[in-house]
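Just so you know, the protein sequences line up as chains X and H, in that order. Mapping to my numbering: the first sequence position 59 is 1149, numbers consecutive. Mapping to my numbering: the second sequence position 255 is 412, numbers consecutive.
Treat the hints as calculated values from the structure; they're not laboratory data. These numbers were taken from a predicted model, which means no experiment stands behind them. Just so you know, not all the hints are guaranteed correct.
[Claimed, not checked] Quick look at which bits of chain X chain H covers, simulated, 3 or more residues with Cβ under 8 Å:
id: 1; region: 1133 to 1143
id: 2; region: 1157 to 1169
id: 3; region: 1175 to 1188
id: 4; region: 1204 to 1216
[Said to hold, decoys possible] FRET-style restraints, in silico, Cβ to Cβ:
id: 5; chain 1: X; residue 1: THR1204; chain 2: H; residue 2: GLY380; range: 23 to 29 Å
id: 6; chain 1: X; residue 1: PHE1200; chain 2: H; residue 2: GLY380; range: 25 to 31 Å
id: 7; chain 1: X; residue 1: ARG1239; chain 2: H; residue 2: ALA307; range: 24 to 30 Å
id: 8; chain 1: H; residue 1: GLY277; chain 2: X; residue 2: GLN1184; range: 26 to 32 Å
id: 9; chain 1: H; residue 1: LYS431; chain 2: X; residue 2: ALA1199; range: 26 to 32 Å
id: 10; chain 1: H; residue 1: ALA222; chain 2: X; residue 2: ALA1199; range: 18 to 24 Å
id: 11; chain 1: X; residue 1: ALA1181; chain 2: H; residue 2: ALA222; range: 20 to 26 Å
id: 12; chain 1: X; residue 1: ARG1239; chain 2: H; residue 2: GLU363; range: 19 to 25 Å
id: 13; chain 1: H; residue 1: PRO391; chain 2: X; residue 2: PHE1200; range: 29 to 35 Å
id: 14; chain 1: X; residue 1: GLN1184; chain 2: H; residue 2: LYS269; range: 46 to 52 Å
Think of the CB as a built atom: it goes at the ideal place given N, C-alpha and C, for glycine as much as any other residue.
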Amino acid sequence: MSLRVLLPSSILLAALSGPAAAGPDEAETCVRELVTNAYPHGWAVRTITQVDLGEGETCHYLLTLYAGVEYRITSCGDPSATEVDLVLYDADGQPRTHDVTRGRSGELAFRPATTDTFFLAVRVAARTPASSPQPGVSRSSVATAVMYR
Amino acid sequence: MTRSARILIWPAMSLLLVACGGREEPAPPVEPPATPQAIDVDAARAAAVPTSLTPSPAEMQAALAREGIAESLGLLVRAREVVVENPNLDQVAVRTGVVIADVVLTAKEAPKEVLLSRLGSIKKGLDLLGGGRDLQATLDELIQKIQSDAITREGLVKEMDELSGAVIPEIEYEAGPRCVPLIQAGSWLEGANLVSTAVRKAQKPEAASVLLRQPEVVGYFLGYVKGEGQTRAPDQVLDKLETSLTAIQGITKKPTLTAEDVELLYQETEAVLKLL
């Protein structure tokens, strides 16, 4: 598993370097699009992060979530990921909610009853190596946004 | 696990949006997601990524409103200049984090010159920490937009949201991996101070259990302030930050916070912020 760095849209305009690999770009672009579309509906973003995962690999993120606040967690995999799953676990490790979407995007919504620490599991359940933007690359990039309102 | 800076080009990204629409090869059939099973918390915690652990100052404001406290944290931000320059880079990180929180919370209503001054401080702080040229260019652009009224306050809130939540925590700093947690610690400290001020003013100590009970967050910061196993050079601000966070961690571990706890938390955060 490897984490990658995200830069804001304004940096993109200022940057003069060459484009990065297509896979991570696509995952990030997809999730940024979802965040941008969510802003008019009162959502704001806590973090956008990105990770590279092989098939069956999981990345756990630690989250502190406020009681009563509405959270929406969205992930997008690059096209080599065919199934991305999200599960939110409480501090005792019990699953509280999970996404039921199919495909390379995942989304879940949650409003905690108490302020507490949670674990977010982001998993690439399946991938299609043939569709990888970089042949031979055995990992898929998955960008994840934690939004609240 | 590796981190590396990466630059993306917006026009290229707009083309790539096509791929998000589904121009991909047919996916093989996948079994429906099974009902998730419980996980081993200790193993998950050991491997967990803390990037998203800490609520943003703006999120603190949202949680405050949910608790029925109408106070604007932005209006509680004091008109003071936090000097980010310091020979100790840990201090620079904490100070920069405080200013970031101030900008995020006051982006909607602060006078232009105050915003510009604070953004200038953030730029200086991140430069001292070795945040890189791209980050400086981003801040220059934001400053320019504010100067020329080319950005609405709502747009600024979004930019600052993204900058503080998606960019600053993910950059590699020359000053080392302690930078990000200490920047976040500064922002959290300022946010917690303002939230405790609002709770005291509203005389709603019961809200503190929702708004301030974050022992995991405090423990995360404390690990870095202590030096993560390394011996840290004595420093007035960081020494006070360590003792304050230790006291705050004890408070935030309680299942329910009282008015006295809120008062103590306010005093502890205030004591650190006064040193900056």
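For this session: Enumerate the violated hints, using their earlier numbering and listing them in ascending order.
Result: 8, 9, 13
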